[in-house]
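Novice: Sequence:
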Amino acid sequence: MLVNPMGFIQEARQRGVAIASFNVHNLETIQAVAEGAAAEHSPVIIQTTPGTLKHAGARYVAAIVREAAEEYGVPMALHLDHCPDYDTILRCMAAGYTSVMIDTAHLPYEENVEMVRRVVAEAHSRGVAVEGELGRIGGVEDDLVGEAAFTVPEEAQDFAQQTGIDMLAIAIGTAHGEYKGEPNLDFERLSAIRAVVDLPLILHGASGVPDWQIRESVKRGICKINIATELKIPMAQAIRDTFAANPGENDPRRYMGNAKKAVTEVVRQKIRLCGASGMTDEGGNVQ
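Residue numbers (this note's numbering): 31 to 317.
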């Protein structure tokens with residue numbers, strides 16, 4: 031069964047760790063995330079962007095993730111990432127998504143607040159969690175290029191209070207996609223936001239961020255870490271390696287199987303980095 035993630039996110043917050051949240055695109059990436067989470071005895075969030083929904087379909091994704099949750103027996107949530115469209119959010123909730131991110135940060139502030147409120151009201155009536163974003167994460171998401179705009183602590187406080195969101199994604203120097211150089215996260219800004227916003231804080235664009243910066247982010251209050259590109263790269267490389275070793279290979283069970291193994295290992299590494307390994311073995315509100 032898929033669950034609303036707020037129970038295990040709040041548990042992670044109390045423990046001073048973070049939940050790893052992975053973007054998936056197909057059967058093998060879903061299996062890899064589920065297998066990695068089960069091996070690490072950790073709750074996990076599987077998420078899709080609107081672009082992945084166009085590729086795979088919300089009902090297909092939800093059915094596969096539900097089956098993975100049953101098979102591997104770890105608390106698992108299904109999250110819609112960076113969605114600006116209200117109707118798409120409704121379709122995903124109807125399909126069984128347990129968490130959604132409404133991303134209308136491009137709108138004027140009051141319009142953004144009003145749209146987020148609308149989503150919160152509908153989602154909470156269905157027992158679904160809502161993530162909002164204030165500020166803009168730079169980089170590339172679903173082939174869309176965005177300019178970064180850092181989150182202002184005082185605006186974040188007002189936004190959280192006015193909208194009723196369950197968790198807040200903040201912009202402190204990360205970016206979607208591959209980094210051209212080493213990112214330099216604004217930890218003082220993170221601490222300032224944490225001081226005035228009493229909600230779980232989310233870090234997007236974590237692929238490629240040095241481990242020490244991830245650990246420091248978690249130490250300062252990040253409760254959910256989003257990872258996408260760092261799953262795509264090893265998956266693609268494993269497929270290339272398979273064909274380099276055997277150019278005549280034509281069995282997707284082999285080349286996709288190798289890709290799944292590579293992704294599973296990264297999933298395990300990221301869960302350990304977040305400090306969430308063993309959460310399901312230690313009691314508490316991990317459900």
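Check before you lean on any hint, since a few could be wrong.
[As the list claims (entries may be wrong)] With a cut-off of at most 16 Å between alpha-carbon atoms, the simulated EDC-like pairs for lysine to aspartate or glutamate come out as follows:
no.	residue 1	residue 2
1	Lys291	Asp115
2	Lys262	Glu97
3	Lys291	Glu260
4	Lys249	Asp271
5	Lys262	Glu218
6	Lys291	Glu65
7	Lys291	Asp271
8	Lys249	Asp216
[Stated by the list, open to error] Simulated restraints, written as ranges between beta carbons of each label pair:
no.	residue 1	residue 2	range
9	Asn276	Glu100	33 to 39 Å
10	Ile263	Asp228	34 to 40 Å
11	Arg283	Gln191	48 to 54 Å
To be clear, the hints were calculated from the coordinates, so they are not data collected in a lab. Idealized CB from N, CA, C, for every residue including glycine.
Novice: If a hint holds in the structure, say so; if it does not, say that too.
Specialist: Against the structure, the hints:
no.	hint	in the structure
1	Lys291 with Asp115	violated, 34 Å
2	Lys262 with Glu97	violated, 23 Å
3	Lys291 with Glu260	holds, 14 Å
4	Lys249 with Asp271	violated, 37 Å
5	Lys262 with Glu218	violated, 31 Å
6	Lys291 with Glu65	holds, 10 Å
7	Lys291 with Asp271	holds, 13 Å
8	Lys249 with Asp216	holds, 13 Å
9	Asn276 with Glu100: 33 to 39 Å	holds, 35 Å
10	Ile263 with Asp228: 34 to 40 Å	holds, 36 Å
11	Arg283 with Gln191: 48 to 54 Å	holds, 52 Å
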